[in-house]
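*Asks:* The whole structure should be built from the sequences, with the hints applied where relevant.
Protein sequence lines, in the order shown, are assigned to chains A and B.
Residues 0 to 355, numbered by the working numbering, are exactly what the first sequence covers, in order.
Residues 0 to 355, numbered by the working numbering, are exactly what the second sequence covers, in order.
It is worth saying that the hints were derived from the structure and are not from the lab.
Check each hint, because a few of them may be wrong.
[As the list claims (entries may be wrong)] Derived DSS-like pairs: lysine-lysine, alpha-carbon spacing no greater than 25 Å straight-line:
#, chain 1, residue 1, chain 2, residue 2
1, B, K349, B, K206
2, A, K349, A, K206
3, A, K80, B, K305
4, A, K75, B, K349
5, B, K75, A, K305
[Said to hold, decoys possible] Far from chain A, some chain B residues (derived; all Cβ distances over 12 Å):
#, residue
6, V110
7, S240
8, A302
Predicted, not measured: the structure shown is a model, and the values here were computed from it.
From the three backbone atoms N, C-alpha and C, an ideal C-beta is built for every residue, glycine too.
There are 2 protein chains.
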Amino acid sequence: MNHAARLEALRHVLARERVDCLLVGARANIFYLTGFTGSAGLLLVDESRAVLFTDGRYAVQAPEEAGAAARVVICKGGIEKAALARAKGYRRVGFEASAGYRFYQAAADGVGARRLRARDGLVEQLRLVKDEQEIARIRDSVLLNSRIFEETVPSIRPEVAEQEIAAELEYRMRRAGAERPAFETIVAAGPRSAMPHARAGPRPVGKNALLVLDHGAILAGYASDMTRTVFTGKAGERARSLYEVVLEAQQRAIASVRAGVRCSRVDYAARAYIRERGYGAYFPHSTGHGLGVEVHEAPRVAARQKMPLPAGAVITIEPGVYVPGFGGVRIEDVVVVREQGAQVLTPTPKRLLELG
Amino acid sequence: MNHAARLEALRHVLARERVDCLLVGARANIFYLTGFTGSAGLLLVDESRAVLFTDGRYAVQAPEEAGAAARVVICKGGIEKAALARAKGYRRVGFEASAGYRFYQAAADGVGARRLRARDGLVEQLRLVKDEQEIARIRDSVLLNSRIFEETVPSIRPEVAEQEIAAELEYRMRRAGAERPAFETIVAAGPRSAMPHARAGPRPVGKNALLVLDHGAILAGYASDMTRTVFTGKAGERARSLYEVVLEAQQRAIASVRAGVRCSRVDYAARAYIRERGYGAYFPHSTGHGLGVEVHEAPRVAARQKMPLPAGAVITIEPGVYVPGFGGVRIEDVVVVREQGAQVLTPTPKRLLELG
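*Replies:* Take a look at the structure:
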């Protein structure tokens, strides 16, 4: 990966932000900047160097993963202590506002509160625009996620419990080489499909029910995320019509995507259509979110987000309509924002699947 | 669960700590005190009340789960804002030192930095001693975890990849009703078994290899954690002898457990024996850790931890020996600290299993 280029980009940001170094503690940011996957580390970046502080458990792994991007220091007496001792040499010490209060206290003690500068989302802002290596990783993750969906669907029967389907999806992810699920898999049937954040439960999915499946994997450090809604039987008029509304909304949102278009505009494309069809009150969440090293990252594709989408952003498009007591439909793809429009990465078809 | 009793115990702590209320943000602590499982919440506890602030997604779930223990407030304009507005009514506002720097900043703005009191691990300290309801939950989780181990072992063949075995273990957990794995399942064969924190990889486990399996589940909110080391073939003298050393060390540590004994003493029981047998340099981690709502919680069973174990603490006992280039052995059970000694919850036998 282009770690050197990413560190260089960060250095421009540091100059603009008027800090002499940045202490990076968020695991996803350290991975992005250096490739290090360990659970304990602090990265100090200044105008010419990057130093990764970690502990003895990673004495072999850290140089292997991050040695090309950063100098690795294995700390015996505490990672924080060593990194803060080094940070003392700078006049203005930036740290991530996402850090813990304890870290802030230790830094205030170690460096002096007056030299500390809290900075919000500097690395996250860089992560917003993906390079082609990252897009290739996300595509691999998306393709794996679609494949395991397609392998799992034939095993869905009315008597199978939601949590068995979730287990099956996650099992296939792991066997296919994913590190882990990107989030808790959602499998929600019938009236429970009307709850956008339902967990998979012990109930059988039942006959003639809307069934929402929302799952993602982490593969080689990158996330995927997809939702499909299927019907366990022959769909009646109401379910079919609900499905068509959401599908059309989703396609309109995708059609609205291209570099320079505001996030709010993409959200509006889905939301206005759902409203027009009379379901405005039943679409309580935003249209999508960025994904990459984390399954939820910048940008938010939501009504109040005026930020123009940059080329190279990778986002989900996932409108949903949830009718209490009846059921819900959500359809979600991952797309890359390109100059000319959206490049849809998710290959899984979107016609309504009627099972059994 | 005894939420009312736990809140009452916390109130005694608050009086001792000289704060008029405590803002609890750590998810595991909110669950412990109220039963709420949602991902967004802040709990304010004062001398007579407990108020849970959460958002619209949990309008149904929060009163169901936490309504008996706390008054639930559904916040439209931000959870933090609402909770901090309420906290303004107190002179000394405690907050968890484990909170984020951003929360601290918001609290300093909302309440005034001079009225804020950072407090370390108040709820965590209560969680150290489990009540019998909690021990029953942990036992259920441990039994599930042992059962799925015993179901999975027969499917281990030399040509099966580490990650396939990990996937199988996690799949069976989920099917058996677990919410999720308690941590990333470790399956490490041959020389890789000599890395205490190896992940499961795409390599087949191979013939005549030591194979470490370390896994746990979260069931009904409570963790389990076990490790067994098996041999894929007929074990030679060296592997067998390594195994016997670790098993004896583990049994000595278990035999040393009872209420009032220092954590360091339990660690020493394992460590001294391993040292005596010449493997002192190959046991680089501590002997165990507490578990409950989280898979790693207080106490640490380590050389420098002088704290006496209280009755009702639940800990793992998991010494290991890791010989670079050859392989490693770790054996781990969950035990309850009782007045008279250790009550071992893990039922899985500990003789060396030779597969195939």
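*Asks:* Decide, hint by hint, whether the structure agrees.
*Replies:* Hint check:
Our distance criterion of 25 Å between C-alpha atoms is met by B/K349 and B/K206, whose separation comes to about 21 Å. Between A/K349 and A/K206 the alpha-carbon distance is near 21 Å, which keeps this suggested pair within the 25 Å criterion. With a C-alpha separation of about 23 Å, the suggested pair A/K80 and B/K305 falls inside the 25 Å cut-off, and the hint holds. Straight-line distance between C-alpha atoms of A/K75 and B/K349 comes to about 34 Å, which puts the hinted pair past the 25 Å bound.
Under the criterion of a C-alpha separation no larger than 25 Å, the hint pairing B/K75 with A/K305 is consistent with the structure, at around 21 Å. Chain A leaves B/V110 outside its interface by the beta-carbon criterion, the shortest separation being 14 Å against a cut-off of 12 Å. Against the 12 Å criterion, B/S240 stays outside the reach of chain A, whose nearest CB is about 26 Å from its own CB. Residue-level check passed: B/A302 sits 15 Å from the nearest beta carbon of chain A, beyond 12 Å.
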